[in-house]
Every structure is written in C-alpha cells, then in structure tokens.
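Number of protein chains: 2
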Amino acid sequence: MSNNNVFLGDKYYSREHLDFLLFDVLKADTIIKYDYFSDHDKEALQMYIDATDQFAKEYLFPYVVEMDRKQPELVDGRIRVHQIHKNIMRVSGENGWISVSAAKEVGGLQMPSVFSTAASFILGAANYSGCVFVGLTMGAAHLIEVFADKKYHNLYLPKMFSGEWQGTMALTEPGAGSSLSDVVTTAEKLEDGSYKISGQKIFISCGDSDAVDNVVHLLLARVKGAPAGTKGISMFIVPRERINDNGVLVGNDVISAGVYHKMGYKGAPIAHLIFGENDNCRGALVGEENKGLSYMFQMMNEARISVGLHAASISSAAYYASLKYANERLQGRKTTEKNPELPQTAIINHADIKRLLLFQKTFVEGSLCLELQCSYYADMERVSDGNEKEKYNTLLELLTPVAKSYPAEMSNFSTSAAIQIFGGYGFTKDFIAEQYYRETRIHAIHEGTTAIHGLDLLGRKVAMNNGKAVQYLMQEIMQTVGYAKQYENTKENALVLEKKLEQLHSLTLHLMGVSQKEGIEAYLSDATLYLELFGILVLGWQWLKMTNTCNKSTTLDNEFKESKFLCCNYFFEYEIPKTEGLFTRLQSEKRVTVNVDAALID
Amino acid sequence: MSNNNVFLGDKYYSREHLDFLLFDVLKADTIIKYDYFSDHDKEALQMYIDATDQFAKEYLFPYVVEMDRKQPELVDGRIRVHQIHKNIMRVSGENGWISVSAAKEVGGLQMPSVFSTAASFILGAANYSGCVFVGLTMGAAHLIEVFADKKYHNLYLPKMFSGEWQGTMALTEPGAGSSLSDVVTTAEKLEDGSYKISGQKIFISCGDSDAVDNVVHLLLARVKGAPAGTKGISMFIVPRERINDNGVLVGNDVISAGVYHKMGYKGAPIAHLIFGENDNCRGALVGEENKGLSYMFQMMNEARISVGLHAASISSAAYYASLKYANERLQGRKTTEKNPELPQTAIINHADIKRLLLFQKTFVEGSLCLELQCSYYADMERVSDGNEKEKYNTLLELLTPVAKSYPAEMSNFSTSAAIQIFGGYGFTKDFIAEQYYRETRIHAIHEGTTAIHGLDLLGRKVAMNNGKAVQYLMQEIMQTVGYAKQYENTKENALVLEKKLEQLHSLTLHLMGVSQKEGIEAYLSDATLYLELFGILVLGWQWLKMTNTCNKSTTLDNEFKESKFLCCNYFFEYEIPKTEGLFTRLQSEKRVTVNVDAALID
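Heads up: the protein sequence lines correspond to chains A and B, in order. Its first residue numbered 0, the first sequence is counted upward by one per residue in numbering that gives the first Met the number 0. Its first residue numbered 0, the second sequence is counted upward by one per residue in numbering that gives the first Met the number 0.
Isolated chain A, as found in the complex:
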C-alpha cells in the first residue's frame, strides 16, 4: 500500500448497504425486464459491481494519498499527472466500463445507469481524483452519441471508450462562470463545414494530461452573429489533436496555459486552455447551431448527479476511517463512571461520538439512496413512453439540483465530523480525514454553485408545468409515507414527514405570493435556504423508504434492519428539526438581502 503511512482505515464504503439499496430498496435489477436492458441478468450486474470493487482496491485506493501529495504540473506545454491515471483509463477501457451505459449500436453495453452510478460511488469512495477521468469521458461520449452526427461516432467514440482519449466539458470562461450566457469564445464557419474556434476556457477538469493520447472537448462557443445570451450558444467537438486528411493526428492549436493548484482534489488536473491562438483550431458542430446549451444540460445533469454522488462517496471514506478510529481509540470513561483507575473506554461509547458517527452514516447512506433513485428515474425515463416518460423526466429534473447540492453542502460537515472524531490527529497529515475535508469542498462549487441550484429549484423546477414536478414528487413520497404509517416502528416518522410536506406546500404557496407582491428578486432571495429545506425532507423520505424495505423484507438480517431503524430515528430526531428554523426564515416577511444598499455591508 503506497499511501505514505497515513491512517486510512481499510474500508471506504459498505457493499452490504449498496446491495440493500440496489436489490432491496430500489429493486433496480427488475429493470432488466425492459427490452433495452434485457441483455443483462442479475448475476452479471452483481459481477460488474464485484469487478468494480476489485478494480477500486487495486488501482484507486492505494494511490489516494499519493495523488494528494504530488499534484499535477504543467511541464513543456503538457500537464503531468500521476501515472496510475493511464492504467485506470486503459483498464477501464479494456473492461468496457467507459462504454458501459452507451447504446449497443455505438459499441456500448446498455447497462442501466443505476448500476454504473453504484460503480462510480465505489470508485469515488476509493479515490475521487482517480475516478473523474473515466466519468468525464463517459459523459462527453454520451453527448457525442446522442447529439452529434453519426459521422463523428466512429471518429471519437472507440478511442474514448478504450480509454485512450479523454473527454471533457469546456464551458467556463474568465468572464462566464455562473453566468454561462456570457460565453465569448467564438466559432466561425469555414467552407469545409468545420468551425474555427477562438477563445479561452478555465477550470476544465482533465482538460489536459499525459495519461491520455488525446483530449476531446465538448465546448460551448458563440457562432459569429449569433444572438446574445444563452440563445446564441452552440456546442462543438474540439479535440486537442485533430485527424488530418491522411488520418494522422496533428495539433489543433489547443494550448494548455496553466494548471490550477487547489486545496484538494489534487489528483485531477484542472486546466486553463487557450483555443486558436494561432488561428488554427478547428471544431465540429454538434447538432444545430445555437442549441448548445440545451445539449450541454444533458451532460451537466448527469454530472450534477455525479457531484452529489461523489460528495457522498468521499464522505463515506471519511466515515469508515473515523469509525475504525472510534472503535480503536481509548479515551475517557463513561459519564457515569468516576473512577479514574478503571481502564479508558473506546470513544465510540461516548454519546457525542455516536452522534458524530450517525450524522455521517445517515448522510452518506441517505444520499447514496437519493442518487441511485435519480439514476433509476433516468433509466425508467429511457424505457417508458408517454405520460410515464414525462413523469420520470420531470422527477429527475426536479430532484437534480437537490441531489447535487444537498450532498455537496453536507459533505463539508460530514467530513468535518470525521476530523473531529480523530481529535488533534484529525488536523494532521498523518490521518486521512483532513484530506477528505479538503477534497470535498469543491462539490458545492463545480457544476453550478449551491446558489445556482437554489435558483434552479425555486425559480424553474418548482414552478414548471404549473407545479407538476412537485405534484409527482409528493405522490412518490406519499406512497412511502402511506406504507410507513401502517407499522408501529415507522408510523411516527411518517406522520412527521407528512406534516412537513404540508408545511412545504404552504411555504411554496406563500413564496408564490411574495413573487406576485414583491417581485422575483424577493421571491428568490432565499432560494438557497429553500433548497436546503427541500433537501432535508427528501433525505427524510429516503430514510423512511429504507425502513419500509426493512419492514417488508423477510430475508434481511435483523441486526442490519435494526441499524437502519436507528439511522432513520437519528435522522428524524436530529436532522429533520433543522427544517424548523428554515421554515421560519422562509416564511418571514422581512427582507434583509433585498433592496439594501450594498455599501452597508462593509
């Protein structure tokens, strides 16, 4: 184990819990009854998870500390990364994992995405920086598969699926971060139908590295003369090296201008790229001009689920490290025991340590349940039609900002709780907790900051189709609540959640009123808090769903069930009450951040 003698623990996720979610809670394997997924059987799905587990153990976890200590550097125009990345990409390619969710007609395996999401969780828990190369390539390939002309499939997909070429999404610019409508990179159509690209992109994950032979950017740019704002943005395939007429790779005038040095997540190279500085950068239009942003949202939505998933996966690793320590570390005695001559007790026996552990565990397991639920909706959307399809699409749209942001924000607290359990050691580099704390801080920022997702949820999703999305969600949750009400051991929590949902409904109506009376700015001023509130309730739903499954199951182990009931009770006792203050604030008529002179904040 080349992890520099850092205390890591030996477990970073629970296979038992993952299987419980996949096969008991979601019954995700039943999806193979649909034609599209019918090549798979339950055994094959399990083998895929087994193989991922083994791969993570061998290629990812052993390098998690090393990647943090040796960050990528720009050397002679190329970004040098840890060389295990090359193996990770190639082995993933060889095993068909990069194309696992792609369609058969482009060489994929048509695996339900709920299983590739589960696999991605394992990889992220083992080593987040180590798994993003593959994830981004999958996402970029998916865009090419769905939106690009077929002639580009053969040109790009095989090399991406084999792990030889990297895929990226190239959106952000110095003047266009949260405000994508301000993208200024230009594209000028040439006689041969290709486009001449010119501009700068920043914060491009895996934007360049010596682990791959080429990088394929799915890039947003503005065709000359296009309308201002989001309506004038097009998408292009812009490779780092393009294939010339002789079938040979030649430079495409994409320059790596810099690599960011970051507080964490250091194993992944984040690049500053300059396109077309020598007037010789060519891109291929994806789909139609000016529709780029809508295409990109497909990849962004997948990427957003992935961000939430990996906030939870990093927190999972931090949780298991701190759990191991809590069981081993002797310190103090029970509060009822005053005799200092008795031996000290393991700190897991202290109530506050149990609280810190249950906080992490319920966050990690509940969030994973939510992310898998979202992927399951994506799969169901694919295989269903008409109203059914619209329902799943709508649910996914509504839940995406929540599934991205709730775990992203909470993972900061969860990994912080892990540090706290280690005490002074937690602040040192001899223990892994501090690294996880640094790594996960990116998640509330990339793929849209939390504020952006608050605006998305309250400003767009809640109101879309006259509130249809929320109606669908309430139906889903009430189904869970209805079942839970039938059992003594879940009834009370079910009633609490039911009441909270009613409050949420009233709150939303109240806010609509604010919108009419005071305008959009007041309406959206606390959208971030609305998102937080929404997230807590959605997690409560996950926990109720899990305990329902425990009540239904005749095969699950009793201790396993008991553990889930404990978690659910923790969540309803300690986390759900946090909604109270949020309700109070969101219902208040007092505007503090609207119509106030910014100069007073000094």
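Please keep in mind that the hints were generated in silico from the structure rather than gathered at the bench. Just so we're clear, the structure is a prediction, and the values are computed from it rather than from any experiment. Take every hint as true, because none was put in to throw you off.
You can't tell identical chains apart in this list, so a pair holds if it fits in one copy or across any two.
Restricting the straight-line Cα-Cα distance to at most 27 Å, the calculated cross-link-like pairs of lysine-lysine (DSS-like) are:
hint : residue 1 : residue 2
1    : 498       : 560
2    : 223       : 337
3    : 589       : 560
4    : 467       : 499
5    : 467       : 390
6    : 551       : 589
Place chain B on chain A using the hints.
Leaving out everything else, chain B in the frame of chain A:
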C-alpha cells in the same frame, strides 16, 4: 509584499468596529478609574492599538502565505521555523507587549486585558500562526507570575517578557487528550527540592523552535505516589535548557521527537516532546503538589478566550478578502434583468452573496464583541471585591465554553462562505480563502474539543452554585433586552430574545429532570447541541447590545449605525431561528445515542 501573488485583499479587520466595541459598547476605557489600571489613559490605550495595527501590517500580514507554504521542519533535533518569528518575538518584547497585562511588580504594564485581547485580534487577523508565539508566552508567564514561588519570577519572566524565551502549556499525552486525568508523565522529588521529570507530551504548540533561545514548559505531571485522576496532577516549570549553578544554560534533557505536519495553521510549530529520556530532566514545582490542574485552568481559560477570538480573527480576514472580491467581480445580472446585452453586475448585488457576506460579518463582529466582553469581565473581576468579584468570575466561567466553542465551530462555516463567494477561484491556492478555511479548523479541537466544552457548560457551569451563573447572565441579558424594548427599531428583536431565554430556562429545567429520571448520561448526551443553542442566543445578545449603543449614541455616524441595524436584523432573521430545531431536539424524550449498541453503527 512577499505573499506569492495570492489574492488577499488589503484589509483584514475593521478598526472602526473594534473602536466601537471598546469605546462605545463596552466603554472599556472607563476601567482606568480603578487603581490597578490607573497608569493608563485613553490616549495611551489608543496608541497601543495603533502600534499593534502598525506592527501587524509590518511583521505579520506580509508573511501569512509564506508561513503556510514553508512549514516548520525538525532538523538535527531542533524545529526550524520561518525566521520572521524571531523578529515578531523580539519586537514584541522590546515594545513591552508580552508583559503588557502582567503586574508592575514583575515588570509588566498592568494594561486591562480587554485591550490586549483587542490587540491579539488584530494580530490573529493579520496572521494567526504568526501571533501564537507571543500569546502562549504571555499565558505561561502569567501562570508563573500568579502561582509560582517568587524565586522563579526573576529566573524566567524577564527572558520571556523580552521575547527571548518561549512559554508553552504542556498537557496532552498520547493517552491523555480530552481525558487529562490520564496524564502519566511522572515527577520524582529530589533532595535539592527539584523534580526529575519523565514522560512524553504531544501537540505542544511552539514546543520547540529556532526563533527563541529557550522554551519554558508549564507541564502537568504526576508526582510518584499521587492519587489517580485529576486530583494527582501537579504543575512544573520545565525549561528546555536549565540554568546550572554557574548561571549557564545547559541542556535539560528535553528532546524534540517530531513536528506535526498539519492541514493549516502551518506557521506555528506543534511538537512532540520527550522529557527525561536520559534521566536528566529537571522541573520546578509550581505552587503545591496535586493542584496543578486548577492552576492550569487559569491559563486554559485565557487560552480558550483566545481560541474563540482567533477563530473570529481568521474569519475576519476571510470576510474582508471575500468582500473585496464581491465588490470587484462582475458576474450575472439582477434576477429582474433579462437582457444579456447589458453589462454584468458586481456579485455583491446578488441576494445570496449579500447573505453570505452578512453571515460572515455578523459572526465576526458579534464574536469579537463576546470575546471583549469576557476579557472585560476578567478585568472587572480583578478590580472588584466580594459579591461583585464573585459575579464577574462566575459570568466568565459560564461564558468561557461558549466564547471558545461558538466561534470555533462557526468559523468553519464563515470561512467556507468566503470560499463560496470566490467560486471556483476560492478552491485554488491563488486566493487566500482556502488557507483561512484550513487554518481555522484547528479551533474546534485545541484547548478542548467542542464536545468537552458542551460537557463543561451543561455538566458543570449551568449547575454550579445552584444555577447562580445562569442567573447572573440572565440579569445581564435582561438589562440589554429591557433597554432595547424602549426603541421601535430594537423592540421586536428584544422580544424575540426574551422569549428565547424563557425557552432556554424551561429547557434547562427539563434537562435537570432528565438527569434525575434517566441519569447523567442521558442528561449530557446532547450537551454539544445545548452549547450551540446557548451560543446563538449569547450572540443575539451581543447584537442587541450593539444596536442599543447605536440608539444611545449621538456621535456615531448614521451609515455606521444603519449597518449595525442591518447586521442585527440579519442575525435575528437568519441565525436566531436555528435555535428552533435545537430546542426541539433537546426537548425530545427520545434517546438515540444513549443505551444503544455501538455495533449497530457499522
């Protein structure tokens, strides 16, 4: 400015706010009417703050990034630190700042501690790692001054006050962190009256460095044959080098075994020390045998105020950096503005950014007010007698865990909010926010973890003298509330706080009942949450007090007042409601973390 081209901003604290607290809110200068402090006048106190400001600018702030990048290393048995530390210590010594609060009879200036606390805030905001050498030396010297035999005063204090010798507190051992009663370092009395010391101490801040000529440890050890537990702990002065009979410094068998590599706060060396490995380490008893812990608590209480203060000071620096950026960075448009052809707006104009800024500002300014209030109580305790003295002592005892832990915990969120304002840049090392986020994470750990302070507050302070401490506090707060009720612009917040205090009273009674019915473990199981709740209300009190001062004042600038009212309203609208969920949880009869099998947390 040798700060490696990192974006820092040019301001790290508000002198205007500090002066407001000192001279308007606390009227701390009136304390010079008491004999003990009568050597000072208001002008001299202001000059001291001016000089500190200038010193911070020159000797601390320019090195804040450098200290993070070049951490201390153990080389040939000595810990090498940034060489500016030597200048910081010597200049502080020359200017009389290390002895500023000490008694005149030992060479001090008898400055009110509320002013040295204010000075310490400035230093910590400029560069936290840079100011701890001085702070620890002041604390250690204070212990010697108060508890050690006079013969040790001359031996140690002049060299410590001059900044040539470092002072430390050496408590923690591998088996005794939170559980101090398990200290096993031994002391054996020798014929000459000195003690032979043997043992290991870990996490000793400034425990060794090449910035000073000697290190004076105030060390806890157990005299052979002493009772087990806290009742058998004695305190010793153990220098790294002792003065031999010829007046020459010779080695005292104190070995630097290691220096910790940490996630932040890297400029300060944290040492692992071995005492008496060659049977040749000598210590001098402080006061009487077996009373060491009670002596140490004096220093720890001062140190705890200092921890809270510096959590706020780091957050202050992060706040001003993010404020500067928020005013400069253009991104997006107002939610009411759809036209993408209009120029982008500074992000401070977005409601969510204002929220993130007000969160930081109210936390920083409110916490500073609390820390100064505590120091003021300490000063008043010194100059008063009888009941009055007991009252100030009791208030200080009660508020210490709150003044330590509320800022320590909240500073993690506050510095995180600063990162969030910087967006993707906030995650990079090109901007200072990430460093502050890493630095401040230590504060919830050192000088007692948050859990320990929860136990201290609920298990000791709230109940002591039949609840006398809480009574005193309520009197103080109700005086503030009473005044605030008279003004339209503070009345509503006053009524909210009054109601919350009643709830807190009921809650405390409820918990006393739990203690009787279910025992001490159930009573203390959520002590950390009780502490959090208590902290929010105490901060609310600070804000109400500040707005009272604004209403009273005829000299303060109107815009300045308006800013304080905005802050107070923010705090009551966004922070006070967080108590609701805490009340709910703390009043619940359901035990989740007590009497539960730890094996279920897996």
